[in-house]
Every structure is written in C-alpha cells, then in structure tokens.
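S.K.: Here is what each chain is made of, one letter per residue.
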Amino acid sequence: DTEVTQTPKHLVMGMTNKKSLKCEQHMGHRAMYWYKQKAKKPPELMFVYSYEKLSINESVPSRFSPECPNSSLLNLHLHALQPEDSALYLCASSQDGPSPQHFGDGTRLSIL
Amino acid sequence: DAKTTQPPSMDCAEGRAANLPCNHSTISGNEYVYWYRQIHSQGPQYIIHGLKNNETNEMASLIITEDRKSSTLILPHATLRDTAVYYCIGNKRFGGADGLTFGKGTHLIIQP
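Protein sequences appear in the order of chains A and B. Sequential numbering from 805 applies to the first sequence in our numbering. Sequential numbering from 2 applies to the second sequence in our numbering.
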C-alpha cells in the first residue's frame with residue numbers, strides 16, 4: 805500500500821478536454837513532485853513544489869499546469885494535450901530538503 | 002546530479018543473494034547514493050541510501066567503495082517479488098527539495 809494516493813488511476817481524454825490529476829499525502833511532507841514516465845522509460849521530473857510554492861519547472865509545456873492548494877494536495881491540470889502526452893504520471897512527496905521520496909502508483913493517461 | 006551506469010538486466014535465483022552494481026565515478030562529495038526500485042505497474046519505491054559507509058536496513062544492504070566511485074546493492078535472500086527495475090541515483094545532501102534524475106536502471110529478474 806502506498807502512502808501517496810493518486811486519482812484517477814486511469815484517464816482517457818480527447819485533445820480538447822480539460823481534466824485534472826490529483827495527488828494526496830498525509831505524512832506531513834512539505835515537498836511534492838510530478839514525474840512523467842513513458843512506456844519502458846525511466847521517470848522524468850516535471851515539477852517540484854516546496855512549502856506549496858513551485859520551485860522547479862523542468863521546461864514543461866504550458867498545457868500542463870500544476871497547483872498546490874495546501875501542503876497535502878497536489879494537482880496537475882491538463883488542457884489541449886497531444887497524443888505524445890500519453891504516459892504514466894507519478895506524484896511523490898518528501899520532507900523538504902534531500903530525503904527519500906515516497907511515490908504514488910500513478911495515473912495512466914491516454915490521449916485520443 | 003552524478004551520472005550513474007548500471008547493467009541493463011540481471012538474473013538471480015530465488016533464495017540467493019542478488020548483487021546489483023552501479024558505477025558513479027562523477028559523484029561529488031555533496032551527493033548521497035540512493036537506490037529505488039519500480040515493480041511493474043507501481044510507482045518507484047525507496048530502498049536505501051548512503052554516503053560513504055556501508056548501510057543496512059530491513060530491505061537491503063548498500064556497499065559503497067572507499068573512493069565512492071561505485072556501489073553495490075545487496076538483496077540478501079531474493080524472492081520472486083523482488084523482480085523489478087532497480088535505479089541507482091546520486092542526489093544532493095544539502096539544500097531544498099530536488100527532483101530525482103533516473104537513469105535506465107537494471108531490470109532484475111528473479112528466477113524460481
């Protein structure tokens with residue numbers, strides 16, 4: 805069982821849709837992360853939030869919009885995605901500063 | 002982050018020790034060596050990390066060479082559930098939250 809919960813587990817959407825991915829943790833962690841993982845590839849960092857503020861954006865296209873409404877929640881808003889954005893989206897959390905990250909099991913996203 | 006090199010795949014018999022090597026010759030004194038694994042259809046799972054001394058926890062042991070240019074993760078009694086992709090990652094010791102840079106990892110297959 806993972807302590808980082810991601811919803812939904814699967815999402816299929818068209819290129820004109822708007823949807824959101826959600827991530828929740830109750831471990832008191834103050835850093836949260838979004839990663840993208842294409843099939844048979846390693847995860848790639850997208851965003852880092854520290855104390856609810858965006859601290860790292862790895863040059864991610866603006867059709868991905870992260871949001872951290874409070875210290876337990878992390879959202880990823882999706883709009884006008886492309887078929888190549890189909891991937892597993894992973895959320896993680898950690899204590900602020902260098903420390904082990906705890907990952908959710910991801911949302912598998914398919915863009916039609 | 003340090004560049005790491007791992008063999009793409011390894012086999013190990015169930016019940017035997019699995020020894021996974023990692024080269025990280027460019028690792029700096031400001032970086033820990035972290036190990037994560039990813040079982041199919043799950044998010045990555047933290048295993049262990051170390052600086053220069055050998056480390057052991059309930060999951061594994063980590064042996065780091067004295068010059069810190071390589072390390073070995075040891076799973077003492079491998080089971081079928083240890084079949085996964087194992088990632089060796091260098092990550093900083095100080096400062097704010099930082100994302101992980103995953104390499105290609107080693108696909109460990111435990112044979113019955």
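Source of the hints: derived by calculation from the structure; they are not laboratory data. In this text the structure is predicted, and so the values were computed from the model without any measurement. For each residue, glycine too, the CB sits at the ideal point set by N, CA and C. There's no promise every hint is true.
No farther apart than 25 Å at their CA atoms in a straight line, the calculated lysine-lysine pairs in the PhoX-like style are these [as the list claims (entries may be wrong)]:
id: 1; chain 1: A; residue 1: Lys845; chain 2: B; residue 2: Lys4
id: 2; chain 1: A; residue 1: Lys845; chain 2: B; residue 2: Lys105
id: 3; chain 1: B; residue 1: Lys53; chain 2: B; residue 2: Lys4
id: 4; chain 1: B; residue 1: Lys53; chain 2: A; residue 2: Lys845
id: 5; chain 1: B; residue 1: Lys70; chain 2: B; residue 2: Lys93
id: 6; chain 1: B; residue 1: Lys70; chain 2: B; residue 2: Lys4
Stretch by stretch, here's where chain A covers chain B in the computed footprint (C-beta under 8 Å, at least three residues) [claimed, not checked]:
id: 7; stretch: 40 to 54
id: 8; stretch: 95 to 102
S.K.: Compare the structure with each hint and give your call.
M.R.: For each hint, the structure was consulted:
Restraint check: the Cα-Cα separation between A:Lys845 and B:Lys4 comes to about 17 Å, which is no more than 25 Å; the hinted pair holds. Pair hint A:Lys845 plus B:Lys105 holds up; C-alpha atoms about 7 Å apart against a cutoff of 25 Å. For the suggested pair B:Lys53 and B:Lys4, the alpha carbons sit about 17 Å apart, so the restraint of at most 25 Å is met. With a C-alpha separation of about 29 Å, the suggested pair B:Lys53 and A:Lys845 falls outside the 25 Å cut-off, and the hint is violated.
Annotation: proposed proximity of B:Lys70 to B:Lys93 holds, straight-line Cα distance about 16 Å (limit 25 Å). Restraint check for B:Lys70 and B:Lys4: satisfied, since their Cα atoms lie roughly 11 Å apart, inside the 25 Å limit. For the stretch 40 to 54 of chain B, the proposed coverage by chain A is satisfied: 7 residues have a C-beta within less than 8 Å of a C-beta in that chain, meeting the threshold of three. A count of 8 residues in the stretch 95 to 102 of chain B with a Cβ less than 8 Å from any Cβ of chain A is obtained; the coverage claim is therefore met, three being the minimum.
In the structure shown, a violation is registered for the earlier hint numbered 4 alone.
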